[in-house]
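Full structure from sequences and hints, please.
Each chain, written out:
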Amino acid sequence: MRYSELTWRHFSAASAAGELTGAGVRRGAAGSVAQGTWVQFEVRLAAARIDTVRFRAFGCPHVIAVADWVAQAAVGRAAAAVLPEAVQALRERFDVPVEKLGRLLIVEDAWIATISSPDP
Amino acid sequence: MTSGRELPVYLDYAATTPVDERVAARMADCLTRDGRFGNPSSVHAHGTAAHEWVEAARAEVAAAVGAEARDVVWTSGATEANNLAIFGVANHYADAGRHIVTARTEHKAVLDPCQELARRGWRVTYLKPTRGGVIEPEQVAAALEPDTVLVSLMHVNNEIGVVQDIAAIARICTAHGGARLHVDAAQSVGKCALQFAASGVDLMSLSAHKAYGPKGVGALLVARNRGVQLRPLMFGGGQERNLRSGTVATHQAVGMGAAFALAAQVWAAESARLEPLRDRLWAGLAAQGGVLRNGAASVSVAQVLNVSFEGVEGESLLAQIESRIAVSTGSACSSAVREPSYVLRALGRDERLAESSLRFSLGRFSTEADIDVAVATVAQALKRLRRIAGAGPCVTAN
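Protein sequences appear in the order of chains A and B.
The numbering of the first sequence is the numbering used here, which starts it at 1 and goes up by one.
The numbering of the second sequence is the numbering used here, which starts it at 1 and goes up by one.
Some clues are possibly wrong.
To be verified - Far from chain B by the CB rule (all over 12 Å, computed), these chain A residues: (1) E19; (2) G36; (3) V39; (4) A46; (5) D51; (6) T52; (7) R56; (8) A80; (9) A86; (10) V87; (11) E92.
Said to hold, decoys possible - Simulated restraints, written as ranges between beta carbons of each label pair: (12) B:R131 with A:E99: 29 to 37 Å; (13) B:S323 with A:D119: 38 to 46 Å; (14) B:E322 with A:E85: 27 to 35 Å; (15) B:A297 with A:A13: 51 to 59 Å; (16) B:L31 with A:Q88: 54 to 62 Å.
Stated by the list, open to error - Not close to chain B: a few residues of chain A, all C-beta gaps over 12 Å, as computed: (17) A48; (18) R54; (19) V63; (20) I64; (21) V75; (22) A78; (23) A79; (24) V82; (25) E85; (26) Q88; (27) R93.
These are computed hints drawn from the structure, not numbers from a lab.
Source: prediction; values computed, not measured.
In this text, a Cβ means the ideal position worked out from N, Cα and C, and glycines have one as well.
Structure below.
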């Protein structure tokens, strides 16, 4: 499969992949390995704004790339249970085939689960 | 190569092989004005010159697989040979019975014709292999019915390299009396011994391009001495004893003959050289942990190694390695979303493991350095993707 330059860059670097340690970390996940896509975000807030984000992902290059982009784009924003960009816009930004839309919804679900998780 | 870009290490010889230079030279002698370019069916000197070489090639193919020259019917490849065998038998013996036995692990070139016959009213039994990919002869015996007219099973599986005991299966079919045995041996030549006549097989499909010959040519072996009858698929000229009309492509037939003659000479030494390379590859991959071998190693050819990787997603694995090594994956890309291999699913692998599998196939030009590149590339990809996935991606949070 051919990937857009943006997809390839985020898939190759995945610089936000990892985990956060210490207190005050919100965590949420969605999907499953059996489903073929699983995404987890960990978020640290500072004064109700997103300070740091890390992700874990089992999935195709599009899923890893979008999760990486979300993890970076969310930093500095208010903690809200919506992605920094809507799923459809992300699909277009990363040139994700429409058949994979469900995978991007898993990224969204993981983000919502993270932000909606109770204060640690 | 002229692209100027370094190509990945080729470990996909089961998909196709480069034409051996000695084969290409023989083919070139059939193409131009100073060569044997005539129509082999023509009676003038140009035609008879081409005819001589076509017949010599027929003899070479036959000799390489333990058949008689008169058994060889040229086709455009193994897919056409499979179609000719399956539809040819089904159509000729339709009044005797409409039951066919095959296996879930066959190539699409066998499964699709069988499915087409099912649509036309034939009954098809699909045998399930053992977890190692073997079809036990007893399974074939149990599946035969009074109206079974055809059993179609492959010799060397294209995905996992497992070799079926076709001689034992042939004995069962012969004892049945009405069931002709067709064997798809597209992957066999150059990898293991084939003795068509001695094995008691009725029909056998062969391919040139899997054995360092050209694409676009193959053959169906029809055991004349066993009285097998076929109805042709193509009409218009009556070539190949009315079984395959159309001008025989001299250069293709000569190329296949040369490739098979060469394969007969070198396959044993080549397999002996490749076996330790295959074992080195397996050892290197297995050392990464979470690596499962597909297909029973004890009955596999030396050229094929199929493995599944735990903890990584198949598409990401492929994306990570494809710039450095050329291999086949355990999934089909019929759309943007990949379908896991039905062969591996038939062996009992779950969808994820089937999808995260790779087939490495070694060949005449594979080296130890190629193997080391493959191991290092996959090891690096596994390490990275498993790090991104983390230790416990088994949670379903929604």
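Now for the hints, and whether the structure bears them out:
At roughly 7 Å from the closest C-beta of chain B, the C-beta of E19 of chain A falls inside 12 Å, breaking its exclusion from the interface. At roughly 7 Å, the least C-beta separation between G36 of chain A and chain B is not larger than 12 Å, which violates its mark as non-interface. With a least CB separation of 9 Å from chain B, V39 of chain A falls inside the 12 Å interface cut-off, contrary to its annotation. Against the 12 Å criterion, A46 of chain A stays outside the reach of chain B, whose nearest CB is about 24 Å from its own CB.
With a minimum CB-CB distance of about 21 Å to chain B, D51 of chain A clears the 12 Å threshold, and the non-interface call stands. With a minimum CB-CB distance of about 17 Å to chain B, T52 of chain A clears the 12 Å threshold, and the non-interface call stands. Against the 12 Å criterion, R56 of chain A falls within the reach of chain B, whose nearest CB is about 4 Å from its own CB. Here A80 of chain A stays apart from chain B, with its beta-carbon at least about 18 Å from theirs, past the 12 Å limit.
A86 of chain A, annotated as away from the interface, keeps every beta carbon of chain B farther than 12 Å; the closest lies near 18 Å. Separation of V87 of chain A from chain B is adequate, the least Cβ-Cβ distance of about 15 Å exceeding the 12 Å criterion. Look at E92 of chain A: its CB is around 15 Å from the nearest CB on chain B, clear of 12 Å, so calling it non-interface holds up. A beta carbon spacing of about 31 Å between R131 of chain B and E99 of chain A agrees with the range 29 to 37 Å that was offered as a hint.
Under the hint 38 to 46 Å, the C-beta atoms of S323 of chain B and D119 of chain A, about 45 Å apart, fit the expected range. For the pair E322 of chain B and E85 of chain A, the supplied restraint of 27 to 35 Å holds, since their beta-carbon distance comes to about 29 Å. The given range of 51 to 59 Å is broken by A297 of chain B and A13 of chain A, whose C-beta atoms sit roughly 38 Å from each other. L31 of chain B and Q88 of chain A have their C-beta atoms about 55 Å apart, which keeps the hinted 54 to 62 Å range intact.
The beta carbon of A48 of chain A is kept farther than 12 Å from every beta carbon of chain B, the shortest such distance being approximately 23 Å. Residue-level check failed: R54 of chain A sits 10 Å from the nearest beta carbon of chain B, not beyond 12 Å. Residue-level check failed: V63 of chain A sits 8 Å from the nearest beta carbon of chain B, not beyond 12 Å. A beta-carbon of chain B is positioned within 12 Å of the beta-carbon of I64 of chain A; the least distance is around 6 Å.
Even its closest Cβ contact with chain B, about 19 Å, leaves V75 of chain A beyond 12 Å, as expected for a residue assigned away from the interface. The beta carbon of A78 of chain A sits about 22 Å from the closest Cβ of chain B, which is more than 12 Å, so the claim that it is off the interface holds. Separation of A79 of chain A from chain B is adequate, the least Cβ-Cβ distance of about 18 Å exceeding the 12 Å criterion. Here V82 of chain A stays apart from chain B, with its beta-carbon at least about 16 Å from theirs, past the 12 Å limit.
Separation of E85 of chain A from chain B is adequate, the least Cβ-Cβ distance of about 20 Å exceeding the 12 Å criterion. Even its closest Cβ contact with chain B, about 16 Å, leaves Q88 of chain A beyond 12 Å, as expected for a residue assigned away from the interface. At roughly 17 Å, the least C-beta separation between R93 of chain A and chain B is larger than 12 Å, which holds for a residue marked as non-interface.
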